[in-house]
Amino acid sequence: MDTLVGILNYLVFFAITAGIYAVLCLGLNIQFGYTGLFNIGIAGFYAVGAYTSALLSGPPPGPLDWRTVGGFQLPWVVGLLGAIIASGIIAFFIGLLTLRLKEDYLAIATIGIAEVIRLILKNEGWLSNTVWGIKHIPSPLHQPIEAGVSSFLKGHPQLSPWLIHFISNAYNWFYLALVLVILGLLYWVSERSIRSPWGRVLRTIREDEAIAAVSGKNVFSFKLQSFVLGAMVMGMAGSLYAHYAKFIDASSFEPLYGTFLIWVMLIAGGSGNSKGAILGAFLIWGIWAGTDFLTGYLALSATRVASLRVIAIAILLELVLLLRPQGLLGEEKAVSKMMGK
Amino acid sequence: MSLGAFLALISLTLLRGLGIPGTPFGPLSFGLPMILAFFIALLLTGLAAIIIDRILYLRLRRTGPIVLLVASIGVSFFLRNIIQFIWGPQPQYYFKAIQIARKIPLLGIRIKPDEVFIIIVAALLVIGLHFFLQKTKTGKAMRAASDNMELARVSGIDTEKVIMWTWAIGASLAAAGGILAGIEDKFITPDMGWQMLLPIFAAVILGGIGNPYGAMAGGMIIGLSGEISTAFISTAYKPAVAFVIIVIMLLIKPRGLFGTR
Chain H
1 MDTLVGILNY LVFFAITAGI YAVLCLGLNI QFGYTGLFNI GIAGFYAVGA YTSALLSGPP
61 PGPLDWRTVG GFQLPWVVGL LGAIIASGII AFFIGLLTLR LKEDYLAIAT IGIAEVIRLI
121 LKNEGWLSNT VWGIKHIPSP LHQPIEAGVS SFLKGHPQLS PWLIHFISNA YNWFYLALVL
181 VILGLLYWVS ERSIRSPWGR VLRTIREDEA IAAVSGKNVF SFKLQSFVLG AMVMGMAGSL
241 YAHYAKFIDA SSFEPLYGTF LIWVMLIAGG SGNSKGAILG AFLIWGIWAG TDFLTGYLAL
301 SATRVASLRV IAIAILLELV LLLRPQGLLG EEKAVSKMMG K
Chain B
342 MSLGAFLALI SLTLLRGLGI PGTPFGPLSF GLPMILAFFI ALLLTGLAAI IIDRILYLRL
402 RRTGPIVLLV ASIGVSFFLR NIIQFIWGPQ PQYYFKAIQI ARKIPLLGIR IKPDEVFIII
462 VAALLVIGLH FFLQKTKTGK AMRAASDNME LARVSGIDTE KVIMWTWAIG ASLAAAGGIL
522 AGIEDKFITP DMGWQMLLPI FAAVILGGIG NPYGAMAGGM IIGLSGEIST AFISTAYKPA
582 VAFVIIVIML LIKPRGLFGT R
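Heads up: the sequence lines are chains H and B, in that order.
Note that the working numbering has the first sequence beginning at 1, numbered continuously upward.
Note that the working numbering has the second sequence beginning at 342, numbered continuously upward.
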């Protein structure tokens with residue numbers, strides 16, 4: 001029974017991480033799946049969200065300095081909103097700069113901003129405490145829930161060990177619920193928007209910009225809206241991650257975890273399909289986390305196994321692109337209620 | 342597009358496998374084996390690029406440019422991690438001896454013999470590329486295809502062959518760049534291509550996408566401004582300088598310094 005609870009607790013942890021990735025995938029789906037915008041700097045927006053949220057609602061990042069901003073210890077919701085706004089502002093400027101140009105420029109600019117953000121986080125002590133990262137980021141409602149759990153356990157000393165084990169994990173259950181509620185909300189908004197006239201314009205832009213333009217749509221403005229919205233969702237994921245992990249540093253936002261895996265998730269699940277984005281996140285994170293166990297079984301060093309896992313995931317991506325480019329769940333062809341009636 | 346930079350790594354590591362430096366060659370830190378390995382690495386990298394193109398990109402070409410971009414990210418992670426799997430993430434050394442810079446009598450500057458070698462090789466590659474693009478039939482076809490793929494096709498140019506050549510040459514040049522960087526730094530790492538990616542993009546944007554001469558000039562400007570910047574700001578921000586230049590260019594002249602079209 002105790003091992004079962006152990007597995008269950010691990011699954012909760014797994015689902016929280018996968019859920020945060022699913023939020024990132026929904027963000028990318030708005031940008032790429034709907035509008036065809038090629039963002040290879042997801043990690044940048046993710047990191048901005050995480051750090052903004054941590055600075056707004058956490059303790060000061062490190063040794064205080066006259067330049068230090070943050071350590072305001074504001075409620076988590078303020079941190080979340082700050083994360084959304086900060087990522088949105090950065091996306092706005094990147095979009096303003098590149099969305100009138102060919103798609104290559106957006107790709108280059110996004111990879112560039114992500115790299116610059118990572119360099120800043122790695123080098124500026126006053127802002128991010130450099131490689132030591134920000135510690136003790138508070139989790140929402142952590143204290144009341146933990147206090148409730150411990151007083152309940154004190155009141156019931158005769159409980160069997162596995163039950164105690166189970167109840168002690170209550171906070172993670174709460175956080176999972178929080179992530180899933182946000183994910184559900186985003187899913188609903190995302191589905192509603194693609195089914196709206198606004199969403200149809202985005203899809204038209206993706207298929208053929210000229211057609212959208214001759215229909216009198218301001219292509220640039222629609223692209224900018226889509227890019228900023230997607231980035232805001234990514235910032236939100238950053239906040240969710242920061243307050244769950246309680247500790248963030250620049251290495252959490254390297255291109256592999258912050259960008260590449262998310263692309264594989266969206267492509268595998270089905271680009272342009274919100275359900276696909278979520279499915280892809282859980283599936284690929286399942287494969288990724290699942291292969292982590294291999295480290296113990298293969299007679300190879302940990303770094304080699306890590307490389308092997310990336311190789312496998314990269315091959316998987318190419319296979320999906322070759323054999324099933326629409327992903328597991330393809331995009332719905334007609335999303336309008338007016339069609340096909 | 343990012344692929345080229347990463348392919349350089351393959352050849353670099355192949356070089357390792359061939360057991361360079363051998364006996365030093367005159368004043369240089371390396372000998373004949375290194376020079377042989379240089380050519381072998383260029384050839385093999387070009388070949389690897391063609392193979393990847395045939396297996397992967399050929400089939401994806403019809404689906405559109407964005408799918409190719411996604412695929413190339415996958416390929417770059419794939420290649421980098423193959424290198425990391427074989428040689429590990431730590432730096433690999435070409436040679437460990439420290440070379441003393443010598444004074445050039447007339448100019449009054451100090452330079453290492455290795456660096457003279459690098460400059461000469463880079464200049465030869467640039468001149469070679471120029472003659473290839475201007476004088477050979479394949480080079481002309483390549484320029485035509487880059488101008489207008491459809492028009493090139495109806496003029497009877499075998500565009501598939503041109504694409505293959507482009508891959509081979511692009512990858513070989515990237516490999517040459519990687520080896521020269523490795524000679525300058527004395528060591529190579531699996532993520533050196535990634536480190537160079539931003540400056541490379543900046544150089545191409547500066548020169549105007551699709552303009553080889555612009556890219557050469559852009560490369561010089563980016564390289565110099567990156568190095569000069571270290572006099573004023575932390576060396577950690579060298580790649581950020583490239584990014585700032587990208588942003589300025591996109592603001593004032595998105596077609597590049599020499600872009601005419």
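Hints should not be assumed to be uniformly reliable.
Partial chain B-side listing against chain H, Cβ under 10 Å, derived [as the list claims (entries may be wrong)]:
| hint | residue |
| --- | --- |
| 1 | V411 |
| 2 | F418 |
| 3 | L420 |
| 4 | I459 |
| 5 | P580 |
| 6 | P595 |
| 7 | L598 |
| 8 | F599 |
Derived coverage of chain B by chain H (criterion: at least 3 residues anywhere in the stretch with Cβ under 8 Å from a Cβ of chain H; other residues may be distant) [as the list claims (entries may be wrong)]:
| hint | stretch |
| --- | --- |
| 9 | 472–481 |
| 10 | 513–527 |
| 11 | 581–592 |
Simulated pairs of lysine-lysine, DSS-like, Cα-Cα distance not exceeding 27 Å [unchecked claim]:
| hint | chain 1 | residue 1 | chain 2 | residue 2 |
| --- | --- | --- | --- | --- |
| 12 | B | K527 | H | K122 |
| 13 | B | K478 | B | K502 |
| 14 | H | K135 | H | K122 |
| 15 | B | K453 | B | K579 |
| 16 | B | K527 | B | K481 |
| 17 | H | K102 | H | K217 |
| 18 | B | K579 | B | K594 |
| 19 | B | K527 | B | K444 |
| 20 | H | K246 | H | K135 |
| 21 | B | K502 | H | K102 |
| 22 | H | K275 | H | K122 |
| 23 | B | K481 | B | K502 |
| 24 | B | K453 | H | K102 |
| 25 | H | K102 | B | K594 |
| 26 | B | K453 | B | K502 |
| 27 | H | K122 | B | K594 |
| 28 | B | K476 | B | K502 |
| 29 | B | K594 | H | K217 |
Hints were generated in silico from the structure; no laboratory data involved.
Quick reminder that beta carbons are idealized off the backbone N, C-alpha and C, glycines included.
Checked hints:
Among the interface hints, the one on B/V411 holds; its C-beta lies about 6 Å from the nearest C-beta in chain H, closer than the 10 Å criterion. For B/F418, the interface hint holds, since its Cβ comes within 10 Å of a Cβ in chain H; the closest pair sits about 5 Å apart. Below 10 Å, beta-carbon pairs count as interface contacts, and B/L420 has one with chain H at about 9 Å; its hint therefore holds. Checking B/I459 against chain H by beta carbon gives a least distance of about 26 Å; that is not within 10 Å, so the hint is violated.
A hinted interface residue such as B/P580 counts as satisfied when its beta carbon comes closer than 10 Å to some beta carbon of chain H; here the least separation is about 6 Å, so the hint holds. Taken as an interface hint, B/P595 checks out: its beta carbon lies about 5 Å from the nearest beta carbon of chain H, inside 10 Å. Restraint check, B/L598 versus chain H: the minimum CB separation of about 15 Å is more than 10 Å; hint violated. A cut of 10 Å between beta carbons decides the hint on B/F599: the least distance to chain H is about 17 Å, and the hint is violated.
Three residues within the 8 Å Cβ limit are the bar, and the stretch 472–481 of chain B against chain H gives 0, so the coverage statement is violated. Counting residues of the stretch 513–527 of chain B whose beta carbon lies closer than 8 Å to any beta carbon of chain H gives 0, which falls below the threshold of three, so the coverage claim is violated. Only when three residues or more bring their CB closer than 8 Å to a CB of chain H does the claim for the stretch 581–592 of chain B stand; here the count is 7, and the claim holds. Among the hinted pairs, B/K527 with H/K122 is consistent with the structure: their alpha-carbon atoms are about 25 Å apart, no more than 27 Å.
Among the hinted pairs, B/K478 with B/K502 is consistent with the structure: their alpha-carbon atoms are about 12 Å apart, no more than 27 Å. Between H/K135 and H/K122 the alpha-carbon distance is near 15 Å, which keeps this suggested pair within the 27 Å criterion. Restraint check for B/K453 and B/K579: the C-alpha separation of about 23 Å stays at or below 27 Å, so the hint holds. Restraint check for B/K527 and B/K481: the C-alpha separation of about 37 Å exceeds 27 Å, so the hint is violated.
Of the pairs offered as hints, the one joining H/K102 and H/K217 holds, with about 18 Å between alpha carbons and a cut-off of 27 Å not exceeded. For a cut-off of 27 Å, the pair hint linking B/K579 to B/K594 stands: about 22 Å separates their Cα positions. With a CA separation close to 21 Å, the supplied pair B/K527 and B/K444 stays within the 27 Å bound. This hinted pair checks out: H/K246 and H/K135 have alpha carbons roughly 6 Å apart, not beyond 27 Å.
Taking the CA atoms of B/K502 and H/K102, the gap is about 26 Å. The hint holds against a cut of 27 Å. At most 27 Å may separate the alpha-carbon atoms for a hinted pair to count; H/K275 and H/K122 exceed this at roughly 35 Å. With a CA separation close to 13 Å, the supplied pair B/K481 and B/K502 stays within the 27 Å bound. In summary, the hint linking B/K453 to H/K102 is not supported, as the alpha carbons are separated by about 42 Å, beyond the 27 Å threshold.
Taking the CA atoms of H/K102 and B/K594, the gap is near 14 Å; set against the 27 Å cutoff, the hint holds. Distance restraint check for B/K453 and B/K502: the Cα-Cα separation of roughly 41 Å exceeds the 27 Å cut-off, and the hinted pair is therefore not satisfied. Simply put, H/K122 and B/K594 have alpha-carbon atoms about 31 Å apart, too far for the 27 Å limit, and the pair is violated. Pair hint B/K476 plus B/K502 holds up; C-alpha atoms about 18 Å apart against a cutoff of 27 Å.
At most 27 Å may separate the alpha-carbon atoms for a hinted pair to count; B/K594 and H/K217 meet this at roughly 26 Å.
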